[in-house]
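2 protein chains.
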Amino acid sequence: MKNIPYKLYLSEDKLPKAWLNLQAILPQEPTPILHPGTLQPLGVDDLAHIFLNESAKQELSREKYIEIPEEIRGFYKMYRPSPLVRAYYLEKALGTPAKIYYKYEGGNTSGSHKLNSAVAQAYYAKEQGLTSLTTETGAGQWGTALSMACAYFNLDLKVFMVKVSAQQKPYRKLVMQTYGAEVFASPSSTTDAGRKILAETPDTNGSLGCAISEAIEVSQTTPNCRYVLGSVLNHVLLHQSVIGLETRAAMDELEEYPDVIIGCAGGGSNFGGLMCSYMEDKLSGKSNPRFIAVEPVSCPSLTRGKYAYDFGDTGRTTPLLKMYTLGSGYMPHPNHAGGLRYHGMNPILSQLYDLGHIEAQAVGQVSVFDAATLFAKTEGTLPAPESSHAIRVAIDEALKCKKTGEAKTILFGLSGTGNFDMAAYEAYRNGTMTDFIPDDEYLQTGFDTLMPVGQ
Amino acid sequence: MKNIPYKLYLSEDKLPKAWLNLQAILPQEPTPILHPGTLQPLGVDDLAHIFLNESAKQELSREKYIEIPEEIRGFYKMYRPSPLVRAYYLEKALGTPAKIYYKYEGGNTSGSHKLNSAVAQAYYAKEQGLTSLTTETGAGQWGTALSMACAYFNLDLKVFMVKVSAQQKPYRKLVMQTYGAEVFASPSSTTDAGRKILAETPDTNGSLGCAISEAIEVSQTTPNCRYVLGSVLNHVLLHQSVIGLETRAAMDELEEYPDVIIGCAGGGSNFGGLMCSYMEDKLSGKSNPRFIAVEPVSCPSLTRGKYAYDFGDTGRTTPLLKMYTLGSGYMPHPNHAGGLRYHGMNPILSQLYDLGHIEAQAVGQVSVFDAATLFAKTEGTLPAPESSHAIRVAIDEALKCKKTGEAKTILFGLSGTGNFDMAAYEAYRNGTMTDFIPDDEYLQTGFDTLMPVGQ
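Protein chains in written order, with the working numbering: chain A, 107 to 561; chain B, 107 to 561.
Calculated from the structure, these hints are not laboratory results.
This structure is a prediction, so every number in the text was calculated from the model and none was measured.
DSSO-like cross-link-like pairs, simulated, lysine-lysine; straight-line CA separation at most 27 Å:
hint : chain 1 : residue 1 : chain 2 : residue 2
1    : B       : 508       : A       : 183
2    : B       : 170       : B       : 120
3    : A       : 183       : B       : 514
4    : B       : 123       : A       : 198
5    : B       : 183       : A       : 183
6    : A       : 183       : B       : 198
7    : B       : 392       : B       : 170
8    : B       : 388       : B       : 123
9    : A       : 123       : A       : 232
10   : B       : 198       : A       : 123
11   : B       : 183       : A       : 120
The task is simple: from the sequences and hints, build the whole structure.
In structure tokens form, the structure reads like this:
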């Protein structure tokens with residue numbers, strides 16, 4: 107074994123003091139956020155009607171560094187800096203000359219990177235004098251993370267959880283409740299939006315769109331309350347930059363530099379967070395690593411989507427964001443890609459992809475679970491299905507190195523654990539897992555829901 | 107915030123190179139292990155018919171340090187050294203002048219300390235030329251840990267999981283299967299022992315005793331196979347000393363010394379592992395900290411049991427161990443204390459308790475979940491019900507300090523996470539959780555099953 111340790115924990119004094127704002131270093135002007143009625147760009151004051159005051163500022167900020175308040179850093183210290191791991195055992199199993207590193211974000215009770223933004227948003231809500239928050243959750247990581255953050259800052263929280271997910275993942279629901287959140291299977295009978303859908307389709311499994319509508323309705327009818335989100339938006343990407351800043355500091359300590367940086371991408375906050383510091387290098391001409399965003403073939407927003415203005419939600423209630431999208435009405439196949447079943451992609455990442463600074467790959471679900479299972483058996487940790495998309499491509503890159511003999515340095519993001527996703531692993535093992543590759547006709551049903559704006 | 111970090115990760119080069127064998131520093135001769143028929147002491151060769159060769163040696167070894175093979179240390183590096191955490195946020199919530207530290211063993215996919223012994227036993231099985239192992243699991247931590255270890259060392263594994271537990275914790279079963287283990291709900295129809303019980307009581311929920319009988323039967327009828335255990339025995343305690351050695355090294359680095367050391371105790375391996383280094387100090391007169399083993403009121407082997415020779419299993423098939431026991435036939439209430447529902451206690455710990463070197467406290471389940479929930483909300487991590495017994499007493503000690511104004515240093519073991527125990531948390535939240543305190547008559551039903559040996 108070499109001198110490089112299996113895993114490197116930075117000391118707590120190396121926890122970043124400021125987030126890195128990718129928006130400030132884009133090679134072009136960021137695309138504005140538009141009002142869906144007037145199609146006019148929205149300013150901070152407009153966004154503050156929807157977002158937290160501080161989130162609204164951050165969403166449009168052009169400051170390169172935004173200070174992380176001490177109370178947020180204090181919470182981060184419960185589980186950060188997270189480890190950078192050298193995948194020695196995976197390398198050995200693959201017989202590759204490549205060096206594989208991964209940044210592990212699953213070592214907290216929420217089991218994913220989502221906590222990084224949840225604690226920031228809960229803190230800003232408290233600072234603003236709010237007493238409660240609402241949100242929706244699909245796969246459950248975000249709801250769990252926000253429950254933990256709200257427990258810490260003594261905020262009430264109502265979580266609308268897509269009904270089928272609440273049924274498939276009862277433990278997720280129970281964890282949120284243990285941290286004090288109220289959890290409603292959506293559609294619920296507690297909102298007008300929910301009651302309307304239940305009246306029309308009593309047997310519905312629910313959808314993210316419906317859960318968002320319910321959460322927004324409650325936030326609007328509750329005093330001192332806001333609805334908050336865990337992905338897609340620029341301020342969420344900003345909070346996740348803590349992943350990439352720590353990764354960079356740890357890699358620097360090991361005197362390593364990645365040739366390729368790989369992350370799974372649903373809304374994009376995990377991948378954007380992981381790669382931010384190296385992207386800064388690339389945009390300033392200091393280096394030229396490859397950046398690969400990995401998405402499921404069933405929901406290929408980057409690889410097969412359109413770069414267009416679109417709603418952030420299926421309920422078509424949000425401002426318009428310019429992004430790679432399959433259309434807000436795209437219905438992703440109910441497979442196990444969980445948190446990656448989102449129709450669009452964060453606007454900054456979309457812009458970087460459009461400019462050719464990021465590559466994207468879509469991978470099939472069965473091959474993803476092949477990779478996940480090999481990873482679990484060799485590296486010990488059971489990975490989240492989402493994160494396993496990045497593992498798949500990291501393994502593919504390492505196997506290419508085996509053929510060519512190159513000792514490339516591969517870095518990927520292990521954004522979470524699969525402990526609450528065992529139904530998916532079971533489907534994989536018993537052979538009932540299938541891949542769904544949408545044909546052009548199917549994709550068109552999503553594109554038909556796009557707004558005819560600026561395209 | 108003081109100079110002491112929230113959590114301390116020792117660097118990998120400080121991972122212990124040898125386990126510390128408490129048996130070698132006992133102030134008296136260790137009690138011999140007896141053959142249940144002849145009542146004669148068993149030697150290494152006798153034990154090697156039941157245990158792995160190396161485990162048989164370690165079970166009776168009087169060497170103070172036993173080297174940890176490099177391959178085991180290599181595996182340990184996946185998740186060790188584990189962090190020593192200063193519970194700043196819990197201290198603040200309690201308003202105590204006490205300093206609370208905990209050693210966190212839940213940061214691996216098995217979610218508990220069990221992996222420390224699982225990997226050792228799998229390694230020794232491989233070295234011995236075995237190709238498969240069998241075991242039983244109740245709460246599921248041990249089965250999961252052994253599945254991970256067997257996956258790593260390419261050993262086949264059959265796990266007999268108590269039927270009611272397999273039903274209540276389907277995810278546990280699926281994790282084991284993902285790592286390649288075959289899991290049978292016990293009683294199963296694959297063994298004579300299982301078929302016999304099913305014929306007599308088709309609706310049984312299963313029991314650890316039955317699961318052990320099935321696992322032993324399979325190990326005896328399968329070539330190159332052994333049955334292995336995850337607690338109670340001296341060699342398991344030995345492997346868990348890695349917890350205490352790391353804790354000691356980390357506390358030394360922080361220039362801290364505990365006034366009281368607290369661990370939950372089922373079979374005793376977690377508590378014995380945690381406290382080993384400080385017990386050495388105490389036995390050699392260097393210091394005099396308090397040692398508190400915490401057990402559930404429903405299964406009070408130390409606080410209300412007898413110090414007697416008894417079988418290790420309800421099936422009465424093992425050699426006889428001298429230990430604090432409620433009798434191998436004691437039926438613990440099916441509450442949520444999970445891994446603490448064992449009738450006896452490791453012989454070394456029993457001896458130390460008998461000599462007055464260890465205190466014991468039995469705590470009620472509802473008060474344990476009060477502590478668990480407070481811990482989760484303040485410290486972030488959702489604790490295992492078992493570990494929460496230690497949290498309960500740590501909080502009680504910290505609150506005593508609040509009254510007296512003493513700034514004592516409290517150390518406890520957070521042996522695992524509660525991610526797979528959400529049904530218990532739900533029962534707590536919805537008020538259906540109850541405490542079961544056995545009366546003397548109930549305890550007598552267990553004592554009636556004791557062997558009349560050496561008492």
